[in-house]
Amino acid sequence: MTDPKTLWAAVSRAALNWKLLVPLAVALELFNRLSPASSSTLLTEVAILALFATSLNLLMSFGHMVSFGHAAYFGLGAYGFTLAVTRGGLAPEMALLVGPLAAALGGLVFGALCVRLTEIYFAMLTLACAQITYTVLFQWYDVTGGDTGITGFMIPRLGLSETGYASLVLGLVALALLALWMIVKSPLGLMIRAVGQDRARAEALGLAARRVQLVAFVIAAFFAGIAGTLYAVLHGSAFPDYAGLGLTLDGLIMVVLGGLNSFAGGIWGAVIYEMLSNFVPKFIHQWELVLGLLLLGICLAMPHGFAGLLARLGWRGGKGEK
Amino acid sequence: MAPILSARHIRKSYGAFVALRDISLDIPHGERHALIGPNGAGKSTFIACLAGQLSGVEGQMLFKDENVAALPPAALARRGIGRTFQISRAFLQMTVLENLMAAHVIASGRWAALSRRIYGERIDRAHEMLVTVGLADRARDRVADLSLGDRKRLEFGMALVGEPELLLLDEPTAGMSIKERHGLMDMVAERLASEGRTLLFVEHDIDVVMKIAQRVTVMVRGAVLAVGTPEEIAANDEVQAVYLGGGH
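Protein chains in written order, with our numbering: chain A, 1 to 322; chain B, 1 to 248.
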């Protein structure tokens, strides 16, 4: 297993690779401290969605598994946390771990089914699993509150101010993204990429491809669960829509906008998507039209998205595997 | 010498089309054995059967006395059967070094993917393999940017990393120049002979076959036509009539 020395070397390497993002993190925190409370809430949502999109991106860009049901694990994270507080009687601070674990467990169960298939059949099975999750959350009134969800069970943001919670989320999301980056750059990440690029080749070398895909699926679900938990804490509530197809599509759009085949793609995508959805409607009523045109342009002219554009301009932070 | 591989009555059909008809073949330990025959003879299908890539295969395949006919490719690889593909299949979007490291991590067992220590220990060995296959100066290049010949060399290196006791090469020199073919196969033969490994390869270049193989099996229309030393095969009138004399 990894000894402390090699672990520290890996962390150092990852931190160095992130040196361009350190000023960004400082700028974000300054923005958070100096801007109105509503901006802090927006910043919190962007950070949470960046983590959600990056967890989806782990599957898509590195494992080459397109999931049409990734929101299920966001929802399981949110409900795992919420039910741990409302049904389990845990303090919210203690329940924070339950959400991601519930999502990982969901990822283990559904992933074991999904990785038996490939390509479009895999995608359809992820969609089916997500729809099952959504339906259970929507209709199991006694436990999940059905379509009205679960609200008012805690003080939103763990009682912190908008600015304070934004700082907490920024810190946690930064740690989670660093962990995901280290996974991508680890031997396990190499295996995930190998199976994604050529499953038959990997199997001919002796790799149990399904097992690797399942591990990737559970990891992605776990980090989506962290995002879902942080979102439930932000609003002090959980709704079935957290596991709905709409959020999955949002995630897919973020990854494509930000850049497939790039680790930073999910982060850029979440920032661009949230900016568009918050500011464009102030000027153009049909903001989805703008989004549609933007997607059309990216798919036709910039298939590697915003990160690909940065890479073309020579900024290594946007560079990923092509 | 006892066979490392015994194929017994191997049959494979695609609907009404019979690709392999009752193939039986023994490959002794340490032998370099060539499969030759015209296109459509079933050579690649036979290799794919041995590598566990096809379902619905009838017959027995004894590898070191264990029937491995129903095992999937990964299980066969872990038992010591390595292979390359007719069309080069390295991981195109990775660097050359990453490809070899992927092979090393896989060969190091199921927990190796969780250990950076094992990864660090294998890097020197990966560089040694790069020297062996003549790609030392291409370590940081993406495989997608390599020539076909270099990809084949890399694939051979990846297959060797797992130290297979039986190596299956499906047309390893296809698409290469004559000089590249002989260079690659000389290297393969030298490496395998020095380590006492067994080789079964499909090859169309008769010069390469005659130089490298110790025994040759000729296949025609899904069946074995003849088995023998290269000299015996070259002198076989039936083989001359249906294959060697047919424009090769």
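These aren't lab readings, by the way, just hints derived from the structure by calculation. None of the values given here were measured: they were computed from a predicted structure. Any given hint could turn out to be false.
What the hints assert, rightly or not - Covered, in the sense of this in silico footprint (three residues per stretch, anywhere, with C-beta under 8 Å from a C-beta of chain A), are these stretches of chain B:
id, region
1, 14-28
2, 123-130
3, 169-177
4, 235-244
Said to hold, decoys possible - Not close to chain A: a few residues of chain B, all C-beta gaps over 10 Å, as computed:
id, residue
5, 8
6, 58
7, 66
8, 93
9, 103
10, 150
11, 159
12, 162
13, 187
14, 190
15, 191
16, 195
17, 205
18, 223
19, 227
20, 231
Even for Gly, the Cβ is constructed at its ideal location relative to N, Cα and C.
Verification of the supplied hints:
no. : hint    : result
1   : 14-28   : violated (count 0)
2   : 123-130 : violated (count 0)
3   : 169-177 : violated (count 0)
4   : 235-244 : violated (count 0)
5   : 8       : holds (23 Å)
6   : 58      : holds (22 Å)
7   : 66      : holds (16 Å)
8   : 93      : violated (5 Å)
9   : 103     : violated (5 Å)
10  : 150     : holds (16 Å)
11  : 159     : violated (8 Å)
12  : 162     : violated (6 Å)
13  : 187     : holds (20 Å)
14  : 190     : holds (23 Å)
15  : 191     : holds (18 Å)
16  : 195     : holds (18 Å)
17  : 205     : holds (23 Å)
18  : 223     : holds (27 Å)
19  : 227     : holds (26 Å)
20  : 231     : holds (33 Å)
In this structure, the hints that do not hold are numbers 1, 2, 3, 4, 8, 9, 11 and 12, in rising order.
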